[in-house]
Amino acid sequence: MYRWQRHIYDASRKFYLLGRDGLIADLAPPPGAHILEVGCGTGRNLIAIARAYPTARCYGLDVSAEMLATAENAVARAGLSERIALRQADATAFDPHDLFGRDGFDRIVISYALSMIPPWRAVLDQATHHLAARGSLHIVDFGDGSDLPAWFRAALTGWLGWFHVEPRVQLPARLAEVAPARNLVLSHATPFRGYAVYAVLRRP
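Quick note: the sequence shown uses my numbering, first residue 22, plus one each step.
Everything labelled a hint here was simulated from the structure, so no lab data went into it.
Careful: at least some of the hints might be erroneous.
[Unchecked claim] Each pair of labels, with its calculated beta carbon distance range:
1. 201 <-> 170: 33 to 39 Å
2. 108 <-> 175: 18 to 24 Å
3. 190 <-> 76: 36 to 42 Å
Using N, Cα and C, we set each Cβ at its ideal position, and we do this for glycine too.
Model the full assembly from the supplied sequences, consistent with the hints where possible.
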């Protein structure tokens with residue numbers, strides 16, 4: 022699907038993938054942090070993270086070879102190839118040591134990827150498993166739109182379906198289950214009248 026869309030992905034998605042820049046601003050990583058994005062796509066977020074936190078080392082994985090090719094070109098143009106490492110991998114079952122030589126990350130980001138991955142619960146399990154001590158997982162994705170007009174919710178859901186995107190309305194409930202099971206502290210919000218869900222799982 023992204024063989025052609027990758028060329029216009031960032032230009033088109035900026036109008037409706039809301040909350041990504043807020044997530045990046047809230048990361049507040051420690052100096053020299055290692056930051057992973059799961060489902061990094063075109064590399065747009067990783068480039069913004071690397072620029073916002075100049076001492077951080079950044080890593081991205083994606084299952085799409087086409088998207089990674091676009092990301093690699095974007096990272097090179099930004100002059101950040103030395104600080105951003107990209108690998109092809111399945112978000113539901115990846116070994117960060119094999120991919121990047123690391124076992125854990127100070128921050129992990131999942132931005133509008135869970136709604137595109139049918140086994141999204143497995144992605145959550147993988148990400149929480151690879152958090153370093155005092156690390157945190159930051160998620161932004163489509164919400165249930167509970168405070169939006171019904172016609173808008175219906176139109177949005179139908180339109181997203183054309184791109185095989187499905188809002189994970191069960192996400193907040195699943196996060197509430199994962200947090201105590203993994204000894205994590207959960208905070209979450211539903212900005213833009215429920216258009217999005219923004220959640221953070223932290224190691225205490």
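Results for each hint:
1. 201 <-> 170: 33 to 39 Å: 35 Å, holds
2. 108 <-> 175: 18 to 24 Å: With Cβ atoms ~38 Å apart, the hint is violated.
3. 190 <-> 76: 36 to 42 Å: 38 Å, holds
When held up to the earlier numbered hints, the structure conflicts with hint 2 and nothing else.
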